[in-house]
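Please work from the sequences and hints to get the whole structure.
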Amino acid sequence: MSALADPGAARAHARAMGGTIVEAMPILPPRAEDLPVGVKLDDLLWEETIAAGGYASRILRRSNRLRLIDLRGDACASLLLFNAAMPTERLNIADTVKVQWDAYPAAGSLLLSDMGRVLASIEQDDAATHDAFCGASNEVSNRARYGDGSNSGAYPNARDRLLLGAAKHGLGRRDVHPCINLFKGVRIGADGAVVPQLGPFAPGRSLVLRAEMDLILVIANCPHVLDPRPWSVTPLRATAWRGPVTAEDDPVRTATPERLRAFLNTEDLYR
Amino acid sequence: MEQTAHLDGLPGRVIHDEVVPARAPWLHRVKAGETLRVVDLEGNQAVDFLLYATADDAERFSAQDTIAAQANIFLRTGSVLLSNEGRPMMTIVATSVDYHDMIGGACSCESNSLRYGHHTKSQHACVDNFLEANLRDGRGKRDIVSNINFFMNVPVEPDGTLGIVDGISAPGLTVDLRAEMDVTVVVSNCPQINNPCNGFNPTPVRMIVAA
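For the record, the sequence lines run as chains E and C.
1 is the number of the first residue of the first sequence in my numbering; add one for each residue after it.
272 is the number of the first residue of the second sequence in my numbering; add one for each residue after it.
These are computed hints drawn from the structure, not numbers from a lab.
These numbers come from a predicted model, not from an experiment.
Glycine residues also receive a C-beta, built at the ideal position from the N, C-alpha and C atoms.
Hints may be right or wrong, so weigh each one.
[To be verified] Residues of chain C clear of chain E, computed beta-carbon distances all greater than 12 Å:
#1 I286
#2 R449
#3 P462
#4 P475
[What the hints assert, rightly or not] Computed Cβ-Cβ distance ranges for the label pairs, DEER-style:
#5 P230(E) to D408(C): 37 to 45 Å
#6 V37(E) to G409(C): 48 to 56 Å
#7 G19(E) to P359(C): 48 to 56 Å
#8 D288(C) to S150(E): 40 to 48 Å
#9 P230(E) to P359(C): 49 to 57 Å
#10 A202(E) to T432(C): 25 to 33 Å
#11 H389(C) to G19(E): 32 to 40 Å
#12 D430(C) to P200(E): 38 to 46 Å
#13 G19(E) to G409(C): 47 to 55 Å
#14 R347(C) to S150(E): 30 to 38 Å
[What the hints assert, rightly or not] List time: in silico SDA-like cross-link candidates among lysine to any residue, alpha-carbon distance up to 25 Å:
#15 K412(C) to A167(E)
#16 K412(C) to H390(C)
#17 K412(C) to A84(E)
#18 K412(C) to H169(E)
#19 K392(C) to D268(E)
#20 K302(C) to E428(C)
#21 K168(E) to N343(C)
#22 K392(C) to R271(E)
#23 K412(C) to T88(E)
Written out as structure tokens, the structure is:
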């Protein structure tokens, strides 16, 4: 320790850490070897691996794409979405399932706001195990399962991760709304029972979201609230790039009358 | 109305008794230990229901936490209504309806425009009731989260198809909720006329608090 007793030595010590590579970190400027055909490296916006138990928050612009990859098959991406221009407008999970008459979001589904607009479309999805019902773990549920749920401990809970991510965009406890869990799924039985689909799954399952509005996106990557195993969660990779705005004849936009009207409402915001 | 009707089995004496008109909002504080009885007076009337911790209203009812904790989307006798911070807010101590909804959310002018068409945008809706009641109590739009729909039926089919279908309630059926903390109850007596949740005819409900 005495070797670091002066600021110059402390500076040299700190600077010597630069360039360290770990699995969970952002890559700046973003690089990715596996962009989809037709996406240019110049269009890459974000490349980050989110730690097991970690979180991230980010602005995405209308027409940006976000690809999430469950690198090792045990990620659980609890997702919040806000209208970046007016964050009181946000994901409404009840409207999302009710308006689309569908309990199980998958490829082609929309994530709807409380203002009758499309925050994002699920453009591609090879996972199809997602959960609109169980929400985030919290400090109480993690304490019950793991003995601790604090941000400062080994078993952080998803709600408190979402709170930190939201706080970095000026948002607070009133803003952390019901979320969708991606990669961990549930099915609902006839008696209303929630049947979790928790894997672990094959490594590398992915999902691509298309931002239909300017968004604040917050992701926590903590074990699903109903996961009975000892603490089990693996890193989540996020990659975002620029893409075209959804066309008038887009098959997701025109799939149902409800979805078409949701796009009409969204386009009205950007006229 | 017969004043003594609907009072059987309530613990303690009645300290508040009010009929909420069709289509109207309602806000009331219920103290820990008190019991709130909601009466579907004429049957098939959805009662959209939110809870806030009176001491700190950033803590509020969470449908998702409640669903996860009981691993079931329906509310039945014994269900504990949990907050977004995992604490019990109220317990359903009795209900004469098979189950109540937690996934259908509240109707709004905006979601009505998606579900039925833009011609419904000017119709009254639950979110407007929630806003009106909350605004008078210092809360706003970001305080509105997924709600309970008492007396409303939203089944999920094996293929995932879900929808608001004909009610399973009937005239005089009730739900009793015991407060586990001091709570602020915010209700929209649902004005929806485009689906079967109110039998296409919104009607009054009765709110009785016993202590």
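_Contradicted hints - numbers only_ = 9, 11, 12, 20, 21
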